[in-house]
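*Asks:* Each chain, written out:
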Amino acid sequence: MATTTLSPTAKGYRRSWVIEWLTTVDHKKIGILYIVNAFLFFFAAGILALVVRSELAIPGLQFLDERTYNQAFTMHGTIMIFLFVVPVLSGFANYIVPLQLGAPDMAFPRINALSFWFLPAGGLLIFSGYLFGGAAAEGWTLYAPLSNGTYATGVGTDLWLIGLLLVGTASILGAVNFIATIFKMRAPGMTLFRMPILVWTVLVTATLILLATPVLAAGMIALFIDRNYGGSFFDPNAGGNPVLWQHLFWFFGHPEVYIVILPAMGVVSEILPVFTRRPLFGYRAFVYATIAIGLLSFSVWAHHMFTTGQVFLPFFSFMTALIAIPTGVKMFNWLATLWRGSITFATPMLFALGFLSMFLIGGISGVMLSAPPVDFHLQDTYFVVAHLHYVFFGGSVFGVFAATYYWFPKMTGRRLNERLGKVHFWLHFIGFNLAFFPQHILGIQGMPRRVSDYSPDAGWTILNLVSTAGAFMIAVSILPFLVNLVATFINGEQVGDDPWEGNTLEWATSSPPPPYNFDKLPPIRSERPVFDLRHRHDAEHLAADLTVPEGGHS
Amino acid sequence: MHSADDALPLSHREAGLPTPLVGMLLFIASEVMFFGGLFATYFNARAIHVGEWRPPSSAPELEILPIALPITIVLLASSFTMQFGVWAIRRGDQRAMRNWTLLTLVLGVAFLLGQVYDYTQLGFGISDGAFGTVFYTLTGFHGAHVFGGAVGLTILVARARQGQFSRQNHVAVEAISIYWHFVDVVWIALFSTLYFLR
Amino acid sequence: MLPLIALTAACGMVPPEPHTDQAKEIFWLYNVILVMGGIVFVAVEGFIVYSIFRYRRRDDRLPTQVHGNSLVELIWTAIPTVIVLILFVLSTVTLNSISARSDHPGVTIDVEGKQWSWVFHYLDADADPTNDVMVSGGALDPPVMALPVGEPVLLRLRSNDVIHSFFVPAFLVKTDVVPTGDRPPNELEFTVSEAGTYSGQCAEFCGDLHARMTFSVQAMPRTDFDAWLAVMRPTQTPAPSLPEGSAVLKVSADNSTFDTHELTAPAEEAFGIEFTNDEAVAHNVAIYQRGEPIFNGAYFTGPGTTIYVIDALPAGDYTFICDVHPVPDMTGTLTVR
Chain C
1 MATTTLSPTA KGYRRSWVIE WLTTVDHKKI GILYIVNAFL FFFAAGILAL
51 VVRSELAIPG LQFLDERTYN QAFTMHGTIM IFLFVVPVLS GFANYIVPLQ
101 LGAPDMAFPR INALSFWFLP AGGLLIFSGY LFGGAAAEGW TLYAPLSNGT
151 YATGVGTDLW LIGLLLVGTA SILGAVNFIA TIFKMRAPGM TLFRMPILVW
201 TVLVTATLIL LATPVLAAGM IALFIDRNYG GSFFDPNAGG NPVLWQHLFW
251 FFGHPEVYIV ILPAMGVVSE ILPVFTRRPL FGYRAFVYAT IAIGLLSFSV
301 WAHHMFTTGQ VFLPFFSFMT ALIAIPTGVK MFNWLATLWR GSITFATPML
351 FALGFLSMFL IGGISGVMLS APPVDFHLQD TYFVVAHLHY VFFGGSVFGV
401 FAATYYWFPK MTGRRLNERL GKVHFWLHFI GFNLAFFPQH ILGIQGMPRR
451 VSDYSPDAGW TILNLVSTAG AFMIAVSILP FLVNLVATFI NGEQVGDDPW
501 EGNTLEWATS SPPPPYNFDK LPPIRSERPV FDLRHRHDAE HLAADLTVPE
551 GGHS
Chain R
555 MHSADDALPL SHREAGLPTP LVGMLLFIAS EVMFFGGLFA TYFNARAIHV
605 GEWRPPSSAP ELEILPIALP ITIVLLASSF TMQFGVWAIR RGDQRAMRNW
655 TLLTLVLGVA FLLGQVYDYT QLGFGISDGA FGTVFYTLTG FHGAHVFGGA
705 VGLTILVARA RQGQFSRQNH VAVEAISIYW HFVDVVWIAL FSTLYFLR
Chain V
753 MLPLIALTAA CGMVPPEPHT DQAKEIFWLY NVILVMGGIV FVAVEGFIVY
803 SIFRYRRRDD RLPTQVHGNS LVELIWTAIP TVIVLILFVL STVTLNSISA
853 RSDHPGVTID VEGKQWSWVF HYLDADADPT NDVMVSGGAL DPPVMALPVG
903 EPVLLRLRSN DVIHSFFVPA FLVKTDVVPT GDRPPNELEF TVSEAGTYSG
953 QCAEFCGDLH ARMTFSVQAM PRTDFDAWLA VMRPTQTPAP SLPEGSAVLK
1003 VSADNSTFDT HELTAPAEEA FGIEFTNDEA VAHNVAIYQR GEPIFNGAYF
1053 TGPGTTIYVI DALPAGDYTF ICDVHPVPDM TGTLTVR
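Residue numbers (the working numbering), protein chains in the order written: chain C, 1 to 554; chain R, 555 to 752; chain V, 753 to 1089.
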């Protein structure tokens, strides 16, 4: 072969973009594939949510029969959690983490690609139940015995199980990849305590995925064996135990919710320092709090099972209460970052601030649920639905939109329109609170969850109507977002390396970065190498750098 | 452990464990949790059962002879042979490594055949109540993992045949050997639980 | 504190009026936690809103770069720890109090939850179930559980199909109804404090008609309760028999579907409905006219056949339906002429 200088834009280097995207092992393209795929599932699951809310707006079954309704909320939850929120955050992590580490790619690029392609495959399998006599309809938690062969007939549930096994395998492989990358591929000078907070949250998240998802796999395989091979794992009439399913599911399920929230917390922890021009307050404590949450998340699972009568309540109540402490510490760290900052309100910052407010409410309702006597009243009611939407949606999804607006310029070289972004945010924020705050009240007043209908005499009608209106408002808020995406792709404001005056290494290369990520890295002496580079001649910066605790600036 | 870049100056060498080994160890951690979940189903079924915890009354009790103990010894031996193979390639002896790995593969296949034969002699099936279900699920998934390891061993033998390994460059052998030892450890835990702890 | 509670109550953030001794304790704990949560919310949210205004960017100067402060961080770790521990202690004390069992419950009821109906079986001192009061009901005629006020009530919660949950919002409590096979079932004990009617509903998703698995609890003074028991107690009157030569209509059910959706019966004379249930799922045949119940056959779980005897009906159009599964597949027209 002739020795020529390799140039990415040389004529012989190009290949068809279809083949390129189908076979890529570049973490940046894979990240974008994850994000686009996830948003497609988001829209599908969102439509299912509108279906559910339309039916519940007023008493009586107007559009659906019970079976169809039950499939709708089952699919909504399943798709949102497994095919939207975790993959989209994985996508951002995939794109950004190697860049923030100063690495050229992930540790195992081909496994990275495989992990992605399992997702649409698994998702389509899960959805395919609709084509084969009905999708799974037992709630996303698929409790036994309702989910066994006697009561959940048809292949919808089996397709759900197999699809999710694929998705789970993809997650586990992805987790291996992230952990190996973070430990083995940091640029010189980047010690563990100089890594960006997003990388730390991804590290802990990946560890949770690695250790929790296999237990779900074990449970799902057990259910599959019960359904198809005459097994008796969960059949009380043959020596099995229905509550065993709940233990296996929630042993995974609780770490899962931290898998959903931690990367979003990482995103917010990247955005706040940039838009307040202050370092994240208490970086080390934040890292320790994240690790503590990860550890504790394995000890609380049975707080989802307080009403089963088969759980040692004081232990799980205690551990659940404990987990509020590191979570509170993080909240205080974010507040202290705002304090005496110099704050601007670009759309990423709006969503980050929205995250703080909404996650706060979700956290408080979670603490309320941690007390078993209170949980006896609120479990399986709309209070839990409100709580989970405040943390998943008000928390993680706000984080996802923050990440989208923040890193879109890095990924495409164009910045999304600010005015449309603000319209999106406000419609979204108001719609979200309209949709979900009333659900706290509905639950407190006794409305159970997973009901296709309710009594007109219960006094729940008005709040359901308000909630439905809010849901449609959220749907409407997506329109300015979509318009923004399209318009920006066509003719958006072009930006350079560092449109936001960021702190971390992804802003030290072009937008979008070249395939090999970096031509040259700045020196890495803190968790904010690009900030340090920008302010290296800034005597004022050096003087203003007051409280640097021992080892805090490592 | 010698890695591919002994010849490079210190500042350019990979520090710590080689990345593929890190990947394998992480993967094994997830497998530990998977078997943990399956063991949890065993212990839960055992804890809640009413009556004697044993195969259905139409079948005999589980016995370590004539099959279970011999196949355990076979699998244990295969871990030794695997490790001899690793030590061989660390010395640079690719031929010896190939032979030890082949022997490991043979022993592993023997274990699988013995396990399948045992299934035919047990007198109960996966659909015969909670005991049957957890017994076959645990041993079956262990067997599946042995099979996966056997595939890996076959690839090692084939690559060794082609001369792909050397003293400095054999991380795949290290990785597969760790996986193989893991599969053996799981079996020891399983065997002890099923046949001794009961 | 009281005006604050009144305000939140007006907003619906406070549970319904509690009507058992245990519910009152839960109500108190709930309000304490709500107030704690409210204070945290106001403080933190207030700070966020304050910061947004106070620390808006006004110029290009870099703000003070504070990386941390060990003392402050220690304090704001210690204080939540204390608060959380207090919460845990209060919660555990309340839990122990409401879980206490009495030696002599005033009434013990075996509650069976099934897809999608309830059976309340009042256990009495003798071992003979045939003279026990049994109340059953499903979606179209939810059962009523009568209870004496002021005495401990012990419920044994059984299921032979899927997991359900016995939930009465006015009692601020639910307990899952778990199919446990041979092992002991869950139990729930409470003491109703005020007479009244309280609605209840299954709270663990249990399949198609989960939303309609309702019931109600009617608490009354002990004397009234005893009178109710006496009235409900099955007497030894023989089952009504069908006169010779009466018409017998045939209906069967499988997969929650009737095999016919049109029946005809003679007017002004008693007739029978021979109901064959081919599956081990409870069904019945009930007759309604313009929404009014005319006849509700006893619930019957198959496989097997039972005969319902219906008194003479005037000519007209009626609807027959399964009370447990009031779905189109189990609805039909009965023409009487």
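Watch out, some of these pointers could steer you wrong.
[Stated by the list, open to error] Within a straight-line C-alpha distance of at most 20 Å, the following computed EDC-like cross-link-like pairs (lysine to aspartate or glutamate) qualify: (1) C:Lys520 <-> C:Asp105; (2) C:Lys184 <-> R:Asp672; (3) C:Lys184 <-> R:Glu615.
[To be verified] Computed footprint of chain R on chain C, listed as stretches where at least three residues anywhere in the stretch have a Cβ under 8 Å from a Cβ of chain R: (4) 42-56; (5) 174-184; (6) 223-234; (7) 505-512.
[Stated by the list, open to error] Each pair of labels, with its calculated beta carbon distance range: (8) V:Val801 <-> R:Leu751: 56 to 66 Å; (9) C:Ile58 <-> V:Gly902: 54 to 64 Å; (10) R:Leu630 <-> C:Gly133: 26 to 36 Å; (11) R:Ala613 <-> V:Gly1056: 45 to 55 Å; (12) V:Thr1012 <-> R:Gly694: 42 to 52 Å; (13) C:Phe63 <-> V:Arg809: 25 to 35 Å; (14) V:Ser822 <-> C:Ala458: 30 to 40 Å; (15) R:Arg649 <-> C:Pro514: 40 to 50 Å.
Treat the hints as calculated values from the structure; they're not laboratory data.
Please read these numbers as outputs of a predicted model, since none were measured by experiment.
Glycine included, each C-beta is placed from N, C-alpha and C at the ideal position.
*Asks:* For each hint, tell me whether it holds in the structure or not.
*Replies:* Here is how each hint holds up against the structure:
| no. | hint | result |
| --- | --- | --- |
| 1 | C:Lys520 <-> C:Asp105 | 15 Å, holds |
| 2 | C:Lys184 <-> R:Asp672 | 44 Å, violated |
| 3 | C:Lys184 <-> R:Glu615 | 50 Å, violated |
| 4 | 42-56 | violated (count 0) |
| 5 | 174-184 | holds (count 7) |
| 6 | 223-234 | holds (count 7) |
| 7 | 505-512 | violated (count 0) |
| 8 | V:Val801 <-> R:Leu751: 56 to 66 Å | 60 Å, holds |
| 9 | C:Ile58 <-> V:Gly902: 54 to 64 Å | 39 Å, violated |
| 10 | R:Leu630 <-> C:Gly133: 26 to 36 Å | 49 Å, violated |
| 11 | R:Ala613 <-> V:Gly1056: 45 to 55 Å | 34 Å, violated |
| 12 | V:Thr1012 <-> R:Gly694: 42 to 52 Å | 48 Å, holds |
| 13 | C:Phe63 <-> V:Arg809: 25 to 35 Å | 49 Å, violated |
| 14 | V:Ser822 <-> C:Ala458: 30 to 40 Å | 53 Å, violated |
| 15 | R:Arg649 <-> C:Pro514: 40 to 50 Å | 45 Å, holds |
In summary, the numbered hints that this structure violates are 2, 3, 4, 7, 9, 10, 11, 13, 14.
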